[in-house]
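Undergrad: Chain by chain, the residues:
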Amino acid sequence: MTLPPLAQAAIAAFIVLNAVILMVAYVTLLERKFAARMQSRIGPYYVGWPHGWLQPIADALKLMLKEDVVPAAADRWVYNLAPIAFLVPCVLIFATIPFAPGLGVADLNIGILFFLAVSALEIVGLFMGGWGSNNKYALISAMRAVNQIISYDLPFIFTALVPVVLAGSMQLSEIVSAQTGLFGWFVFRAWGLGVLALLAYLVATIAAENRVPFDILEAESELVAGFRVEYSGMKFALIQLGEYAHILGTSFLGALLFLGGWLGPGPAWLGPIWFLLKAIFVFLLITWVRWSFVRIRVDQILAISWKLLLPLSIVLLMAAAFAVAWSGGARV
Amino acid sequence: MTVETVGFWLVAAVLLASSLAVVLTKNLFHAVLYLAVALVATGVVFLLLESPFLFGVQLLLYAGGVVTIVVFAIMLTERLVGERITQTSRHVVNGAIVSAAVFVAVVGFLLQAGAPAPVTERPDQLAGLGRALVGPYAVTLELLGVLLVAALLGAIYFARADD
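If you read the protein sequences in the order shown, they are chains H and S. Reminder that position 84 of the first sequence reads as 795 in the working numbering, one-by-one numbering, no gaps. Reminder that position 92 of the second sequence reads as 580 in the working numbering, one-by-one numbering, no gaps.
If you're looking for bench data, these hints aren't it; they were derived computationally from the structure. Possibly wrong hints are sitting among the right ones.
Listing some non-contacts, in silico: residues in chain H with all C-beta distances to chain S over 12 Å [stated by the list, open to error]:
id: 1; residue: LEU717
id: 2; residue: LEU728
id: 3; residue: PRO755
id: 4; residue: ALA793
id: 5; residue: ALA948
id: 6; residue: GLY975
id: 7; residue: TRP1037
Distance ranges between label pairs, derived from CB positions [said to hold, decoys possible]:
id: 8; chain 1: S; residue 1: GLU538; chain 2: H; residue 2: ILE1025; range: 45 to 53 Å
id: 9; chain 1: S; residue 1: ALA588; chain 2: H; residue 2: ARG1008; range: 46 to 54 Å
id: 10; chain 1: H; residue 1: LYS1018; chain 2: S; residue 2: GLY495; range: 42 to 50 Å
id: 11; chain 1: H; residue 1: ALA730; chain 2: S; residue 2: VAL595; range: 42 to 50 Å
Backbone N, C-alpha and C define an ideal beta-carbon position, used for all residues, glycine too.
Pulled out of the complex, with its shape left as it was, chain S reads as follows:
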């Protein structure tokens, strides 16, 4: 086994365990911390796939940004001091069935697609990604920007309505 294989199985185990812990733990704050672990582990999977750019973006946006905002939301909405806040996962069985179905679908897709051709040469991914974003996908990128602005305005609207 190569170092990459060992690393992959280790990361996969951490990722699976922390993802399960996110939904199964009772303490809401612990769930957020497990989520951070799961997001960082996902980033490490990208790194093992030799895509350091996605690793950086994953850490910056998800582990750094999303986790911070989730903690912010918990701190603003829940009682801060005193009794521990709890999360109760309802519909555990239904959720397990749905995730098993998704798993089977993904595995089926991968089996149908067959083994990918081994990559021999690696072009500069970063430059390629940049050209793709301002070239063929420019309109998509702009639309995503508009979508995010709309979401931001909507959030401001709902926050105002409470006053």
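For reference, chain H alone in the conformation it holds in the complex:
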């Protein structure tokens, strides 16, 4: 018996959605443990044995039980809809990611464009929250976010397009299958272009996710918690979930574009596990930067983007195009 395609798609989406939420919950635990180790602490330990395995579940339960406070002066509709408008794009980006050949919700032929387009919508929810709270810290945070996103969207898109040019396809599964063979991952290929593109991708990702050292929009010392300062309980949980889902989605995309996705030694069923390990590696690189550097100023953030990262990413993209054209369609 085979189900109709619509039901199949719905079941696949349901499974991926729940897997993503579970992964996001445990990625927060991973980050807390990692950060704790970097600071010679132990991190979450007592909830669940051993090493705080139940901490994310406890956090989720706690946030669900908290009182939901709506500021009296808030723009009610905008304030209440903002967490949803923020979460939906962040989760939707997983729709096109293939976790193994044929294992995913939808392997579109414009896969990467869909990813970039949907993740650009995240900003709408962000400034809905910043504006709707009617709080000056939240509003300043939203302004800074707009500033930063205008600056870092272009380098992010251009560096993500380098593997597209090298693979000659926008379909994510074809980008992976173009990276087969020993040292076939794009990070090793094209005479160092791949490594540079991966580095630029990581910097642009950290900036686009508003993490340290680019986290001026939630700088605790001046803006308390940025655009989410007024949120509590489940709405706060939704915003956190969205943020971590976005980071995890970008890590998966990075692993897919530069590190060969599900390719790896061993039988084919190991593919999703390789992919997950690579994505966690990219996530830990981002986390490593987060816990090693200090926050930089607004003008420094903008200067890095417009004077360094944007020209670099354009040059990389053009160099990749030249490399492909020069080799006449052969592997570079």
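Using the hints provided, position chain S relative to the given structure of chain H.
TA: Chain S alone, transformed into the frame defined by chain H:
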């Protein structure tokens, strides 16, 4: 009715309602949010027409880019905290007449053109579009690029003049 038909009417209703809300709402920030809804709904129409590439571009450029820049402009020009900023639509009647005229013209054009032939085979749209942009339309594309650079330089000039 197929799923596509139901989807189309739903999206069309959302698109129409949000577009009207953009011009009729009093709160300028709400107008921007309705604009975002309208732009995303337009993208979904492209998706229903089986053109996922246009859907992606619509979301990336309009819903992601244009809305961000409009919000940026509002935040830079209006008073931020305190009283709500309002928009007042003048010439509502004149605007309605113009849009009705455009609607009649488009419908007339569509009726004259007749029903399109049903599409049976779908070539790779993306590759076709790419070849068209560097082939027959290469000069047009370059001219558009020059136009955008000119607009950018003009914006910088006017921003400088204020100092």
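Undergrad: Now tell me, hint by hint, if it's right for this structure.
TA: Hints versus structure:
Distance check for H:LEU717 against chain S: the nearest CB is about 7 Å away, which does not clear 12 Å, and the non-interface claim fails. At the 12 Å boundary, the C-beta of H:LEU728 stays outside the reach of chain S, the nearest C-beta of that chain being 20 Å off. Interface exclusion of H:PRO755 from chain S stands, the closest Cβ pair being 36 Å apart, more than 12 Å. H:ALA793, annotated as away from the interface, has a beta carbon of chain S within 12 Å; the closest lies near 10 Å.
The beta carbon of H:ALA948 is kept farther than 12 Å from every beta carbon of chain S, the shortest such distance being approximately 23 Å. Non-interface status of H:GLY975 relative to chain S is upheld: no Cβ of that chain comes within 12 Å, the nearest being about 29 Å off. For H:TRP1037, the non-interface assignment is confirmed: its Cβ lies about 17 Å from the closest Cβ of chain S, beyond the 12 Å cut-off. Checked against the hint of 45 to 53 Å, the pair S:GLU538 and H:ILE1025 fails, with Cβ atoms roughly 32 Å apart.
Under the hint 46 to 54 Å, the C-beta atoms of S:ALA588 and H:ARG1008, about 53 Å apart, fit the expected range. For the pair H:LYS1018 and S:GLY495, the beta carbons lie near 46 Å from each other, so the given range of 42 to 50 Å is met. In this structure the supplied range 42 to 50 Å holds for H:ALA730 paired with S:VAL595, their Cβ-Cβ distance being about 48 Å.
The earlier numbered hints that this structure contradicts are 1, 4 and 8.
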